[in-house]
Amino acid sequence: EAQVTQNPRYLITVTGKKLTVTCSQNMNHEYMSWYRQDPGLGLRQIYYSMNVEVTDKGDVPEGYKVSRKEKRNFPLILESPSPNQTSLYFCASSYGGDREKLFFGSGTQLSVL
Amino acid sequence: RKEVEQDPGPFNVPEGATVAFNCTYSNSASQSFFWYRQDCRKEPKLLMSVYSSGNEDGRFTAQLNRASQYISLLIRDSKLSDSATYLCVVSDNNDMRFGAGTRLTVKP
Numbered sequence: 094e095a096q097v098t099q100n101p102r103y104l105i106t107v108t109g110k111k112l113t114v115t116c117s118q119n120m121n122h123e124y125m126s127w128y129r130q131d132p133g134l135g136l137r138q139i140y141y142s143m144n145v146e147v148t149d150k151g152d153v154p155e156g157y158k159v160s161r162k163e164k165r166n167f168p169l170i171l172e173s174p175s176p177n178q179t180s181l182y183f184c185a186s187s188y189g190g191d192r193e194k195l196f197f198g199s200g201t202q203l204s205v206l
Numbered sequence: 037r038k039e040v041e042q043d044p045g046p047f048n049v050p051e052g053a054t055v056a057f058n059c060t061y062s063n064s065a066s067q068s069f070f071w072y073r074q075d076c077r078k079e080p081k082l083l084m085s086v087y088s089s090g091n092e093d094g095r096f097t098a099q100l101n102r103a104s105q106y107i108s109l110l111i112r113d114s115k116l117s118d119s120a121t122y123l124c125v126v127s128d129n130n131d132m133r134f135g136a137g138t139r140l141t142v143k144p
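Protein chains in written order, with our numbering: chain U, 94 to 206; chain V, 37 to 144.
Keep in mind that the hints were calculated from the coordinates and are not lab data.
There's no promise every hint is true.
Unchecked claim - Residues on chain U that point at chain V, a partial pick, calculated with CB under 10 Å:
1. TYR128
2. GLY133
3. GLY135
4. ARG137
5. ASP152
6. VAL153
7. GLU155
8. ILE170
9. LEU195
10. PHE197
11. SER199
12. GLY200
Stated by the list, open to error - Take a look, some chain U residues computed to stay more than 10 Å from chain V by CB distance:
13. ASN100
14. THR108
15. LYS111
16. THR113
17. GLN138
18. SER142
19. LYS164
20. SER173
21. SER175
22. THR179
23. LEU181
24. GLN202
Even for Gly, the Cβ is constructed at its ideal location relative to N, Cα and C.
Next comes chain U alone, as it looks inside the complex (with noise of 0.2 Å):
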């Protein structure tokens, strides 16, 4: 089955814990992104990548890193989590040349204590 897989599905953590959220998608897309969805705002992107070796920031980057070694991996990073990052996230993938039809996984509820 097409699908884009995210772990965990909630994480509960203290401030300054490093963490690592994974996604992984399985069909052979190009291009995966991390939003954060916040009550009254649009989904808003935080980093994207369009192949292997290859991320750029997106709105919203500052407090995360991400890599993309393989085609199919692109884990989220926070290295020192704080409350304001208590949120929930979305990994995304579609193809290089339809990006606009995002594929989703199913989300990380995250709460920074």
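Use these hints to put chain V onto chain U, whose structure you have.
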């Protein structure tokens, strides 16, 4: 001013009703337009693209008005299963912008 604006709702309608949502955008260079559907706290899913001439997919009709910079989504004969949040997405091929969504509740 937000780049993509939607009425947050909620729109509460009875089954069988026709309901329409609008979405306005500020970037006149926008080229591609979409509606996504998002169930509560779940992932967004592509509902339909919006073409310049307008397009229909079953009970759903999407329209684009470039002059006034808005897109619309019309849902006819609403079903209970249409209850969701509808996200407007606008892209200038380099940059995708999501609206905050319009919440629809269809009641029996």
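A quick look at each hint next to the structure:
Among the interface hints, the one on TYR128 (chain U) holds; its C-beta lies about 8 Å from the nearest C-beta in chain V, closer than the 10 Å criterion. This hint holds: GLY133 (chain U) has a C-beta 6 Å from the nearest C-beta of chain V, less than the 10 Å allowed. Against a cut-off of 10 Å between C-beta atoms, the interface hint on GLY135 (chain U) holds, since the closest Cβ of chain V lies about 4 Å away. The beta carbon of ARG137 (chain U) is positioned within 10 Å of a beta carbon in chain V (closest approach about 8 Å), and the interface hint is therefore held.
A least Cβ separation of about 9 Å between ASP152 (chain U) and chain V falls short of the 10 Å threshold, and the interface hint therefore holds. At about 13 Å, the closest approach between the beta carbon of VAL153 (chain U) and any beta carbon in chain V exceeds 10 Å, and the interface hint on this residue is violated. For GLU155 (chain U), the interface hint is violated, the least distance from its beta-carbon to any beta-carbon of chain V being 18 Å, above 10 Å. The beta carbon of ILE170 (chain U) comes no nearer than 21 Å to any beta carbon in chain V, farther than 10 Å, and the hint placing it at the interface is violated.
Interface hint status for LEU195 (chain U): upheld, as the beta-carbon distance to the closest one in chain V is roughly 7 Å, under 10 Å. A cut of 10 Å between beta carbons decides the hint on PHE197 (chain U): the least distance to chain V is about 4 Å, and the hint holds. With 10 Å as the threshold, the beta carbon of SER199 (chain U) comes within range of chain V, its nearest partner Cβ sitting at about 5 Å, so the hint holds. With its C-beta approaching chain V no nearer than about 6 Å, GLY200 (chain U) sits inside the 10 Å limit, and its interface hint holds.
Taking the minimum C-beta to C-beta distance to chain V, about 14 Å, the non-interface status of ASN100 (chain U) holds against the 10 Å cut. Remark: the non-interface label on THR108 (chain U) is consistent with the geometry, its nearest Cβ contact in chain V lying 24 Å away (cut-off 10 Å). Consistency note on LYS111 (chain U): stated as away from chain V, and its beta-carbon is indeed over 10 Å from all of that chain's, at 25 Å minimum. Every C-beta of chain V lies more than 10 Å from that of THR113 (chain U), the closest at about 20 Å, which supports listing it as non-interface.
A beta-carbon of chain V is positioned within 10 Å of the beta-carbon of GLN138 (chain U); the least distance is around 7 Å. The claim that SER142 (chain U) lies off the interface holds: its Cβ sits roughly 14 Å from the closest Cβ of chain V, which is beyond the 10 Å cut-off. The claim that LYS164 (chain U) lies off the interface holds: its Cβ sits roughly 21 Å from the closest Cβ of chain V, which is beyond the 10 Å cut-off. Non-interface status of SER173 (chain U) relative to chain V is upheld: no Cβ of that chain comes within 10 Å, the nearest being about 26 Å off.
Interface exclusion of SER175 (chain U) from chain V stands, the closest Cβ pair being 23 Å apart, more than 10 Å. For THR179 (chain U), the non-interface assignment is confirmed: its Cβ lies about 14 Å from the closest Cβ of chain V, beyond the 10 Å cut-off. Listed as a non-interface residue, LEU181 (chain U) fails to keep its Cβ farther than 10 Å from every Cβ of chain V; the least gap is roughly 7 Å. With a least CB separation of 7 Å from chain V, GLN202 (chain U) falls inside the 10 Å interface cut-off, contrary to its annotation.
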